[in-house]
Amino acid sequence: MRRQRAAGPLFVAPFMVLFLLLFLAPLGYAAYLSLFQERLIGGTAFVGLDNYAQALSDPQFLHGIGRVALFFVFQVPVMLLLALVFALALDSGLLRLARVIRLGIFVPYAVPSVVAALMWGYLYGPDFGPFAQLSRELSLPVPDFLSEGWMLGSLANIVTWEFVGYNMIILYAALRTVPEELYEAAAVDGAGAWRTAWSIKLPALRPALMLTLLFSVIGSFQLFNEPKLLMNIAPDVISSSYTANLYAYTLAFTGQQVNYAATVSFLLGLVIVIASYAVLLTANRRRTS
Amino acid sequence: MTTTTPTATIAEPTRPAPATPPGRRRRGPRRSTPLTIAMLAALAYFLLPLCWLLIASTKSTQDLFNSFGLWFSHTPQLLTNVRETFTQDDGVFVRWLLNTVLYAGVSAVGAALLAAAGGYGFAKFRFRGDRTAFNLVLGAVMVPTTALAIPTYLLFAKAGLVNTPWAVVLPSLVNPFGLYLMRVYAQDAVPDSVLEAARIDGAGEARIFFRIALRLLGPGLVTVLLFTLVATWNNYFLPLIMLNDPDLYPITVGLSSWAAQAQNGGAGASSDMLALVVTGSLISIVPLVVAFLLLQRYWQSGLAAGGVKQ
Chain A
1 MRRQRAAGPL FVAPFMVLFL LLFLAPLGYA AYLSLFQERL IGGTAFVGLD NYAQALSDPQ
61 FLHGIGRVAL FFVFQVPVML LLALVFALAL DSGLLRLARV IRLGIFVPYA VPSVVAALMW
121 GYLYGPDFGP FAQLSRELSL PVPDFLSEGW MLGSLANIVT WEFVGYNMII LYAALRTVPE
181 ELYEAAAVDG AGAWRTAWSI KLPALRPALM LTLLFSVIGS FQLFNEPKLL MNIAPDVISS
241 SYTANLYAYT LAFTGQQVNY AATVSFLLGL VIVIASYAVL LTANRRRTS
Chain B
1 MTTTTPTATI AEPTRPAPAT PPGRRRRGPR RSTPLTIAML AALAYFLLPL CWLLIASTKS
61 TQDLFNSFGL WFSHTPQLLT NVRETFTQDD GVFVRWLLNT VLYAGVSAVG AALLAAAGGY
121 GFAKFRFRGD RTAFNLVLGA VMVPTTALAI PTYLLFAKAG LVNTPWAVVL PSLVNPFGLY
181 LMRVYAQDAV PDSVLEAARI DGAGEARIFF RIALRLLGPG LVTVLLFTLV ATWNNYFLPL
241 IMLNDPDLYP ITVGLSSWAA QAQNGGAGAS SDMLALVVTG SLISIVPLVV AFLLLQRYWQ
301 SGLAAGGVKQ
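Top line first, the protein sequences correspond to chains A and B.
For the first sequence, UniProt numbering assigns the number 1 to the initial residue and increments by one for each residue that follows.
For the second sequence, UniProt numbering assigns the number 1 to the initial residue and increments by one for each residue that follows.
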């Protein structure tokens with residue numbers, strides 16, 4: 001049996017080695033870099049937590065974080081609620097064409113966010129987009145999806161479009177594993193469709209919902225692709241610090257402020273970890289009370 | 001390129017116990033027409049941009065601006081567009097397509113195998129530090145890949161890996177969620193009794209893993225493979241920062257550079273890049289959609305395992 005004990009670490013080793021090199025090392029390196037500053041005179045100097053102090057009072061960073069937090073607060077509930085409704089509808093067995101509908105809603109997930117942003121960017125277009133064309137045809141006011149006031153909503157729509165199906169599939173897959181006997185028992189007890197959904201299906205979905213919620217926190221806070229792409233067509237609305245991630249990118253690649261970019265990335269990661277824990281704790285507390 | 005081999009080896013559905021019971025009986029044959037109509041309306045929203053893309057790729061840049069967006073123009077020219085997309089800039093689009101296949105294929109196969117071996121190791125063996133190591137990985141699920149990307153770039157710049165295919169492939173090989181999923185999956189899908197029996201028969205651990213466990217892990221493996229494939233295929237941020245040679249671009253970065261060009265081409269209709277961006281977009285999504293459709297029964301049961309337990 002000694003051979004068997006040695007086998008476990010060997011199976012795990014390839015993953016763990018790469019994990020250390022490609023996950024923990026960059027994190028450590030970013031933490032290290034964030035403690036230095038490039039000075040015009042005297043080269044790179046150790047500055048302790050100065051970069052963090054600077055970031056925490058940097059309006060561009062804070063606005064970027066604020067914007068994605070706002071985005072998270074209204075986009076994620078809409079997306080997950082839609083995913084939940086779709087999953088329950090699919091699982092109810094009441095739908096015709098269920099397979100077609102399920103795959104159709106899921107398909108956007110396979111579309112790169114670059115392509116999704118390009119497509120929606122065109123559809124949003126105030127001059128030649130079909131919505132604008134239709135509005136003009138019907139003599140209605142042309143909605144300006146790419147204006148300051150609409151932009152966050154327009155981005156939210158793209159992200160929702162991309163990920164509702166993915167979340168729906170996770171929830172649907174979880175629903176399919178509920179044992180048939182539970183439904184039979186509920187039916188014997190006289191539970192209707194709504195009661196079954198509320199008392200059996202929703203509790204069964206809890207782990208899957210937590211998973212989708214966790215992914216959504218992570219996804220929202222690192223928003224980058226969609227604003228980066230729409231920046232091309234609405235440069236006046238989307239600044240180079242529109243989201244925290246876009247800001248980090250700008251700092252590193254157009255500003256050449258490597259140390260500060262590392263600080264911002266590191267802080268963004270920290271914000272996401274804290275937000276994830278907060279969300280998990282809140283959701284878990286609700287379960288126990 | 002061995003993108004297809006691992007999926008082929010697990011093609012026989014030797015499904016063990018877990019997840020979806022096949023062909024679960026459904027109550028009553030009643031179907032609801034209002035609910036179906038409501039869901040079809042939702043479906044229209046999800047298919048609308050794709051229909052637009054399909055229609056738009058039959059148009060010249062001129063027609064993109066001058067005809068109604070959701071209907072065909074008088075002079076459809078899909079084939080012309082496809083040909084021009086493939087020949088623009090000495091066929092750089094083909095190059096991007098091949099790069100994407102290479103990056104996504106290698107990453108997905110590598111990530112799936114690493115996650116499978118690791119998940120199996122954590123699920124079926126006890127050793128010193130296994131809890132700590134697993135919890136470390138589990139915690140890493142929360143670390144966002146894009147926040148990691150810039151530090152990785154800085155590190156790779158030091159190591160001289162920037163602007164090489166490695167810069168895109170290496171970070172994609174480590175998929176903490178994939179490891180978690182494979183561990184959960186391996187717990188049920190690989191019964192201890194089977195492992196014991198194989199050991200009594202004198203099979204070595206490596207042989208047991210490759211000959212027996214990997215087969216039983218099939219659906220979970222396909223799930224990780226497919227989702228890493230999508231993540232790498234659709235990845236934009238990482239290659240954007242890592243690569244600056246257009247010959248190394250994957251399709252996402254290439255398309256966005258064309259889109260920027262189309263935008264800078266001035267008054268829209270005068271530049272003919274837009275038709276290429278649109279047609280290129282359409283071409284870029286076809287392979288993934290097909291992969292998902294063909295492999296759906298595997299990835300769905302694999303996802304079920306990950307979504308249920310925690």
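Among these hints, one or two may not hold up.
What the hints assert, rightly or not - Among the chain B residues that face chain A by a calculated CB cut under 10 Å, a handful are: (1) ARG30; (2) PRO76; (3) LEU114; (4) VAL143; (5) LEU173; (6) PRO191.
No lab work stands behind these hints: they were computed from the structure.
Beta carbons are placed, not taken as given, at the ideal position from N, Cα and C, and that holds for glycine.
Satisfaction of the ARG30(B) interface hint, Cβ to chain A closer than 10 Å: 7 Å, holds
How about LEU173(B): closest beta carbon in chain A under 10 Å, or not? 6 Å, holds
Restraint: PRO191(B) near chain A, CB-CB cut 10 Å. Satisfied or not? 16 Å, violated
Given PRO76(B) was flagged as interface, is its beta-carbon under 10 Å from a beta-carbon of chain A? Not OK, violated: PRO76(B) not within 10 Å of chain A, min 17 Å.
Any CB of chain A closer than 10 Å to the CB of VAL143(B)? 6 Å, holds
Under the criterion of a CB-CB separation shorter than 10 Å, is LEU114(B) in contact with chain A as hinted? 5 Å, holds
In this structure, the earlier hints numbered 2 and 6 are contradicted, and the remaining ones agree with it.
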